[in-house]
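K.L.:
Sequence:
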Amino acid sequence: MIKTKLKKTGKYLLRALYVFLITLAFVLIFLLGGIAVLVKGPSSEAKSLFVQTVKETSAAGFLAHIFLSDDEVNEIIARSDVEDYEVDTSLIRIEHSGSYVTHDRPVKDTSVDTSDETGQSSAAPEEKKDLEVVEVKGNTYKGTLMIVRDPSRVILGTPDAYGSDKYGLVLREMCKKHGAVGGINAGGFYDVNGSGTGGIPDGIVIKDGELMWGQPSTTSTVIGFDKNNVLRVGWMSAQNALDLGMRDACSFGPALIVNGRPMNEKYKLGGGVNPRTAIGQTSDGTVLLLVIDGRSISSLGVTYDDLIDIMLSYGAVNAANLDGGSSTLMVYNGETVNSSAYLFGERILATAFLVK
3 MIKTKLKKTG KYLLRALYVF LITLAFVLIF LLGGIAVLVK GPSSEAKSLF VQTVKETSAA
63 GFLAHIFLSD DEVNEIIARS DVEDYEVDTS LIRIEHSGSY VTHDRPVKDT SVDTSDETGQ
123 SSAAPEEKKD LEVVEVKGNT YKGTLMIVRD PSRVILGTPD AYGSDKYGLV LREMCKKHGA
183 VGGINAGGFY DVNGSGTGGI PDGIVIKDGE LMWGQPSTTS TVIGFDKNNV LRVGWMSAQN
243 ALDLGMRDAC SFGPALIVNG RPMNEKYKLG GGVNPRTAIG QTSDGTVLLL VIDGRSISSL
303 GVTYDDLIDI MLSYGAVNAA NLDGGSSTLM VYNGETVNSS AYLFGERILA TAFLVK
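Take any residue in the sequence shown, note its place counting from 1, add 2, and you have its number in this note's numbering.
Since the hints were made in silico from the structure, they are not lab data.
No experiment lies behind these values; they were computed from the predicted model shown.
Just so you know, even glycine gets a beta-carbon here, dropped at the ideal spot from N, CA and C.
Don't take every hint at face value.
To be verified - Cross-link-like lysine-lysine pairs, in silico, BS3-like; alpha carbons within 30 Å at most:
hint : residue 1 : residue 2
1    : Lys178    : Lys144
2    : Lys268    : Lys139
3    : Lys358    : Lys209
4    : Lys144    : Lys358
5    : Lys358    : Lys179
6    : Lys178    : Lys358
7    : Lys268    : Lys144
8    : Lys179    : Lys131
9    : Lys178    : Lys168
10   : Lys168    : Lys229
11   : Lys209    : Lys168
12   : Lys358    : Lys131
13   : Lys179    : Lys168
14   : Lys209    : Lys178
15   : Lys131    : Lys209
16   : Lys179    : Lys229
17   : Lys229    : Lys209
18   : Lys179    : Lys209
19   : Lys270    : Lys139
20   : Lys229    : Lys131
21   : Lys131    : Lys178
22   : Lys358    : Lys168
23   : Lys270    : Lys144
24   : Lys139    : Lys358
25   : Lys358    : Lys229
26   : Lys144    : Lys131
27   : Lys229    : Lys178
As the list claims (entries may be wrong) - Computed beta-carbon distance windows for the label pairs:
hint : residue 1 : residue 2 : range
28   : Phe22     : Leu314    : 42 to 52 Å
29   : Pro218    : Gly165    : 15 to 25 Å
30   : His67     : Thr91     : 38 to 48 Å
31   : Asn242    : Thr25     : 48 to 58 Å
32   : Phe22     : Ile68     : 19 to 29 Å
33   : Tyr169    : Lys229    : 23 to 33 Å
34   : Asp162    : Ile299    : 35 to 45 Å
35   : Phe346    : Asn141    : 24 to 34 Å
Build the full structure now, drawing on both the sequences and the hints.
P.N.:
In structure tokens:
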């Protein structure tokens, strides 16, 4: 009797296994068919968007190589020659640095004379918040923008040390370590197959005017603030960055807007549809910290060109793309304010732009 029941159970399990394998086979065939249509179909834009999207992920990059050669993939994701540009600091006029009160309390803007001919005030001074967190929405994405009107409050958060045997910190820990009210992830880091520990940053790291990581000759797209609290973006060596008086900087890119000019003016920057993090600065010094959710039904993500449109809409004069994907995150008052694409909580980061 027992043997008969075991045989029946075995048959059911075997049938279930067959059904599972057949279903899996159909899913794989459907997936491979879809990829084939994208990369071998008539639309070059669809092929480019698919390749750039998957190549920007740590786990799914191999999908781009199923129907395309390495040379074809490299040709699609290759960036154009780095353009020689330099931030014109005269375009940024910081009038309120250090004068805003902290912790999201409103302050009065007295920079505009509202008095009438009798010398009496004809209107109440406009009230501004030194820090605002607002929702950003588009047709296929949603995200969060942190607006910081005093750029001196924005610093680069780092762990105590870097190295192959060191670990970075999650964003909440970065905020706690540096006494910050919030912030976003910043530069990239060594992250083979999504297993990076944040101990080895990409490019360089400058903190408080000192080179924490990289060599003076290390060249990359550097993003950070100089000692006058101006956001600088450019392809340069670590030594060039130090000579410019950079106080806090990391590496990533590409540059999105330089001196009011969008970097996709001549051609699209592209990039896949993914979660994104970006930083920008307006002409009055206001810093824009942006995160866009992605890889979900409610928000697919954005391309570099979408980031440019968003930053321009908020008046950015200079802006750059930061590390995105599963690293994209914003924290404010100890709480995560966006939806992380990372399946295991929060990524360990090498750097973060924080607001004190």
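K.L.:
Which of the listed hints are broken here?
P.N.:
none
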